[in-house]
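Residue 11 is where the sequence shown starts when you use our numbering, and the numbers rise one by one after that.
Among the clues, some could well be false.
The list that follows gives simulated cross-link-like pairs (lysine to aspartate or glutamate, EDC-like), each with its CA atoms no further than 20 Å apart [as the list claims (entries may be wrong)]:
1. Lys301 - Asp346
2. Lys161 - Asp59
3. Lys499 - Glu529
4. Lys127 - Asp38
5. Lys351 - Asp397
6. Lys161 - Glu120
7. Lys91 - Glu120
8. Lys312 - Glu358
9. Lys111 - Asp38
10. Lys188 - Asp274
11. Lys108 - Asp87
12. Lys312 - Glu370
13. Lys527 - Glu474
14. Lys108 - Glu120
15. Lys91 - Asp38
16. Lys499 - Glu531
17. Lys351 - Glu395
18. Lys471 - Asp455
19. Lys54 - Glu163
20. Lys499 - Asp512
So the derived label-pair ranges between C-beta atoms look like this [as the list claims (entries may be wrong)]:
21. Val43 - Ala139: 13 to 23 Å
22. Ser402 - Val43: 24 to 34 Å
23. Ile726 - Glu395: 43 to 53 Å
24. Leu735 - Ala779: 36 to 46 Å
To be clear, the hints were calculated from the coordinates, so they are not data collected in a lab. Ideal placement from N, C-alpha and C gives every residue a C-beta, glycine not left out.
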Amino acid sequence: MKKNITKTLSLAGMLLLGSLKSAAQVNDVSFIVSPAAEHIWWDKDLSIDNMPLYGGKIGFGFGPLFELRAFYLRGNDANAKVRLENWRADKLWPANIKDTKLDLTKYGGELKLNLWKNAFFTPYLTAGAGVQTMKYNSYKGDVSMTVVPMKDEQLFVALGVGAKFNLGSRTALALEAKNTMFNASEGSYLMRPEYNKADGGNHLYNWTAGATLDFYLGGTTDNSGDAISREYRDLFSGGFKGLKFVVEPAMAYINFDKDMPMTDTYLLGGSAGFDLSSLVGVRGFYYQANKEADKLSLSFNKHLALYGGNIITRLNFPRGINPYLQLGGGYMNVGDKYTDKRGSSAAESSAFVFGGAGVEIPLSRYVALFGTANALFTTEKGVNEEDIQNTSHINTSVMYNAGLRLNLGMAANGEKKYKRYLNRRLDAQREALNEKINELRANYDEQIDNYDKKISDYDTKISEYDQQIARYEERVNALKADYEKRIGKLDRDLDQALKANDTIRVAELARLRDRDKQELEGIENDELAMKRKMICELGQNHGNSMKMTRGELNELVGRIIREARECARCGDYGYSYEQPQPPYRSVAPSQVLEPVQNNETELLRRELRVVNEKLDKVISQGNNGKTTVIYGDNATPRTELAPATVYNEGAYHPATGNHFKLNRVSVFTGLGFGDLTAWNVGVRGYMQVASTNLDFVPELYASMADKSGMGVSANIIYNFKINSLGKFTPYAGFGLGIFHGKDTHFGSNIIVGVSTNMLGGKVFADYSARSLTKQNQVAIGYSFVF
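Work out the full structure: start from the sequences and follow the hints.
Here is the structure:
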């Protein structure tokens, strides 16, 4: 026992650690193919041995969390015990049991919700429904035991939990346990007699263990956690980030099952909800039937309404014509006074479920048209939902609906986020370079202080040398004066001897004069040697250093910065700079980004590069034997400070693919006349077509008269830009629509009018000729400009 507990805890620990391991999963829309196997433990009231099933599942994944799949499973030759045909009338029914073989087929659909993403181990919930068919043989109670082929068919629902092990980005092993509920076919020969209880409660439950190997085809496995990548992904997928609130005014038409005592009818209403992502949304809806079932109007039948909720799953991002799937359920509220077209009041309220497909057409980021077709399932009269056994208890109707989808949410702006990110990186780089410059200035100041101190010491030594030289020169000058005096006297004596023609005296005086001159030259040479020695001693201490004051250093740095700024502006700074590639894989587009603040950032970046280059040159002067004050003994050539990110000069505008831009919404009122006189109130939306003077204008209005109704149209309007008209802008347009009158008209719509800027928006007046003037309108209105 203790050993088993240890194994269980170890397995749980491994699963927990595995769940912490990151594993990429498929994003976007993917197609799923899954071979599958199940094992069934049947309800004790069934005489079928537990059996395996084999088959497969196919479906779609809508991001890493939500999946929708269809399945088909079957098992053959399961052992079962069957009663004879007359077992109900035979009190000794155990004696009538025979062995048989059973074939089972199950098919249907299921929803799967993964509870988290990007982990090796992922728990999930599943819910589904479908049809199961049992084929077996019973026997007549005759002597020969004649074989009687039998077939039982049941509807079932199933709920379950499971765990998915992501073996790779596109492969997963899923293990699950499900509980299935169904009602056995009435009179089934596989049931115990006690099953048919008088108080109902005839539900059967069985447990199923299943396994699938899921292969995800399509979609993307890129799971970048970079905020800019996510922002651009949102921009190019749906244009919004986070939750998106959606409002959908719409109309519907229901074609009821022929066995239902109800009349096919139009309904008006709508839905509202949230899009959890660009692919999955949830809605709540309400529709009220029109008073006249076969006509659209604002007059309602208070005795028939539908309300409920649904899920929509898009098969692509909402960037163009986009198909989607829809599943939901609700309640059909039928009033006591409801009657169908034959006058029958037998219809009853009931719950319903539905499923179908639709298409949406985006007109802009905020507005889209949509239409769906759904199969609507209700129980037949007299059958409660919990007592449904097979498909014969189900009525199938068809519901169509169409409308306008209005999206409200926080718009994604990848360009803005990228610029903020870029500016943060440039600011960080600029701060780092400023710190480096300040560090260099501090080092230069310290070196200048040291050199100032050395210069002061040199000045002291020079002063001492000057004093020594002065004292030496004083002695030398005295000796020189004495020698010059003696030489002068010898010259005079020599002149007298020459005049006296005393050759001996002349020779002696000449020898003495030459000796004194040599001694004088020796003194002068000694003086020069002494000075040269002092200078050499001073030079050995001072070296080849250049004196540079703080002011001179600041002037040097300022000159370098001015030269760098000029080089940056002219673009010729003689520096080869290769931009590094970004360290992450970004979904940002390859277009050139617009410089921030009129190229100032780019100029600063160039200036900093040139400053670095010139400072390197100044520092490297120590390598050529000439020492300057800004060179230290331990200085090494500085390394290039590479920019922290890539910045491309130019403008960038994301190509979102939108050809319509919603720029105005207007309300109007006016007189309708023609085959019916009424007062009209309505609303228009103006969506500019690309960069032209054309507007796409959908229009919806209510017509109030003895016979109220509504109309809808889609129009193209051209705005005439005529300078001579000043503030007034004439316009004209053409469209198609459905218009309310004495009868409902479908046809053309011609609009002419004029607008002017007023009250912060636009005031307009126009005339509409609808369905070739069968119905007309003169209206005034106000436009809210975005």
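Results for each hint:
Under the criterion of a C-alpha separation no larger than 20 Å, the hint pairing Lys301 with Asp346 is consistent with the structure, at around 16 Å. In summary, the hint linking Lys161 to Asp59 is supported, as the alpha carbons are separated by about 17 Å, within the 20 Å threshold. Proposed proximity of Lys499 and Glu529 is supported: the alpha carbons are some 16 Å apart, at most 20 Å. Using a Cα cut-off of 20 Å, the hinted pair Lys127 and Asp38 holds, with the two alpha carbons roughly 13 Å apart.
Between Lys351 and Asp397, the direct Cα distance comes to roughly 30 Å. Violation of the 20 Å bound is thereby established for this hinted pair. Proposed proximity of Lys161 and Glu120 is contradicted: the alpha carbons are some 25 Å apart, above 20 Å. With a CA separation close to 31 Å, the supplied pair Lys91 and Glu120 exceeds the 20 Å bound. The hinted pair formed by Lys312 and Glu358 meets the criterion: a straight-line CA distance of about 15 Å does not exceed 20 Å.
Taken as a hint, the Lys111 and Asp38 pair is broken in the structure, with Cα atoms around 45 Å apart against an allowance of 20 Å. Distance check on the hinted pair: Lys188 and Asp274 sit about 39 Å apart at the alpha-carbon level, beyond 20 Å; violated. Annotation: proposed proximity of Lys108 to Asp87 holds, straight-line Cα distance about 15 Å (limit 20 Å). Taking the CA atoms of Lys312 and Glu370, the gap is near 30 Å; set against the 20 Å cutoff, the hint is violated.
Between Lys527 and Glu474 the alpha-carbon distance is near 31 Å, which puts this suggested pair outside the 20 Å criterion. With a C-alpha separation of about 36 Å, the suggested pair Lys108 and Glu120 falls outside the 20 Å cut-off, and the hint is violated. Restraint check: the Cα-Cα separation between Lys91 and Asp38 comes to about 49 Å, which exceeds 20 Å; the hinted pair is violated. Between Lys499 and Glu531 the CA atoms are separated by roughly 18 Å; this keeps the pair inside 20 Å, and the hint holds.
Taking the CA atoms of Lys351 and Glu395, the gap is about 27 Å. The hint is violated against a cut of 20 Å. In summary, the hint linking Lys471 to Asp455 is not supported, as the alpha carbons are separated by about 24 Å, beyond the 20 Å threshold. Taking the CA atoms of Lys54 and Glu163, the gap is about 19 Å. The hint holds against a cut of 20 Å. Between Lys499 and Asp512, the direct Cα distance comes to roughly 17 Å. Compliance with the 20 Å bound is thereby established for this hinted pair.
Take Val43 and Ala139: their Cβ atoms lie about 21 Å apart, and the range 13 to 23 Å holds. Between Ser402 and Val43 the Cβ separation comes to about 33 Å, which falls inside the hinted range of 24 to 34 Å. Judged by the Cβ atoms, the range 43 to 53 Å given for Ile726 and Glu395 holds: they are separated by roughly 49 Å. Take Leu735 and Ala779: their Cβ atoms lie about 23 Å apart, and the range 36 to 46 Å is violated.
Going through the hint list in order, the structure does not satisfy hints 5, 6, 7, 9, 10, 12, 13, 14, 15, 17, 18, 24.
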